[in-house]
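Novice: Take the two lone chains and join them into the complex the hints point to.
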Amino acid sequence: DQQVKQNSPSLSVQEGRISILNCDYTNSMFDYFLWYKKYPAEGPTFLISISSIKDKNEDGRFTVFLNKSAKHLSLHIVPSQPGDSAVYFCAASGYYNQGGKLIFGQGTELSVKP
Amino acid sequence: KAGVTQTPRYLIKTRGQQVTLSCSPISGHRSVSWYQQTPGQGLQFLFEYFSETQRNKGNFPGRFSGRQFSNSRSEMNVSTLELGDSALYLCASSFRRGGDGYTFGSGTRLTVV
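Going line by line, the protein sequences match chains B and C.
Everything in the first sequence is counted per this note's numbering, starting at 7 for the first residue and increasing by one.
Everything in the second sequence is counted per this note's numbering, starting at 15 for the first residue and increasing by one.
In isolation and in its complexed conformation, chain C is listed as follows (with noise of 0.2 Å):
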């Protein structure tokens, strides 16, 4: 069965711009998740979602938003892009909240110049 898909893989974005990442989970998953990782912080948490509701949020701050459809696919926006965002964005989603179920994306790489 086809894994959990980010778009796009790679992307350079100019300081101050705004970015939209795409996750499309696997078919018939609900929950997706959000991660941040940097060589610096590692993998942290931005946040999670549940039938189009947000469930948790991690401590970022406004810039990071994200949304869920009704197909459970997912986006995060990040906006006015700081240098510190450049980062590898990975997405995780799952049939059910919490356990181990949950499949990550390749993830999309992020660089902000």
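Only chain B is shown next, with the shape it has when bound in the complex (with noise of 0.2 Å):
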């Protein structure tokens, strides 16, 4: 049962345009989301999150989006980089249930064409 779903294994964007990731999740009971990347050969590295009790939250060219009645979030990179080609992962936890226990979604490998 695959509680955190990315459907798009792959995404493709022209430098200085933006990129748009997606993930819808089953639970509800998650209440904390994130975002990581990660290049090959390294560990993924934390983006940005979210709590259930907000609907956006912004860091530089990143947004994510979270939209609870749909149970889906998205995540916004705005103007896209050539260096910002990685796989992302979004993730959800129980914050305070789960602790330390990351939820992790297949992953969308983003490109950024010059």
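Fair warning: there could be bad hints in the mix.
To be verified - With a Cα cut of at most 30 Å, we get these calculated DSS-like pairs of lysine-lysine: (1) C:Lys71 - C:Lys27; (2) B:Lys74 - B:Lys60; (3) C:Lys71 - B:Lys74; (4) B:Lys11 - C:Lys71; (5) B:Lys44 - C:Lys27; (6) C:Lys71 - B:Lys43; (7) C:Lys71 - B:Lys77; (8) C:Lys71 - B:Lys44; (9) B:Lys74 - B:Lys43.
As the list claims (entries may be wrong) - Not close to chain C: a few residues of chain B, all C-beta gaps over 10 Å, as computed: (10) Leu17; (11) Val19; (12) Gly22; (13) Ile26; (14) Glu48; (15) Lys74; (16) Ser75; (17) Pro85.
Hints in this document: simulated from the structure, not taken from any laboratory.
We put the beta carbon where it would ideally sit given N, CA and C, even for glycine.
Specialist: Dropping the structure here:
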């Protein structure tokens, strides 16, 4: 039972344009959501997070949107840069109930072309 | 400051053997979580330790075990290795449980032949 899903395995975007990565979840007990970026042969790096009490969180070029009724979140990268090319994972946790247990999606490989 | 250190980086083992992987968290971090990454299953949670106690466990067979020492360093052990255990094993540490404070190591690439 996959509780966190990223249905697009890959995404290709032109430099300077917007990248939108999507993530769906099924467990309504999740109350904290995170996005990680991963390069080959490295561990994931934390990018941005959002609590279930919010519907938007911004950090520079990165914005995460949360739609609780649809159990959907998205990561917007504006403008996209070639250095953003990596695999992006969304993750969810029951912040207070499940501590250090993160449930990850399958990942979306983003390619930003110059 | 030093990041999360996982040793060894690469390992080749034979089916049926056992293996121990090590994770040294960032100084001061007390929570350590382990994940398995495979092409087919993605990143899957194995277990979490905090103050030397296992706090959470994922859906893995009993062949997978772990422990945490008083200095927060953690080890995971896999006994009776199977070909399907070939994966990248990642460790993450944080000062407290939960939230976005987890920093991942670069992982140990285990190949079972």
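Novice: For each hint given before, does the structure comply? Return the numbers of the non-compliant ones in rising order.
Specialist: Going through the list in order, the structure violates hint 14 alone and respects the others.
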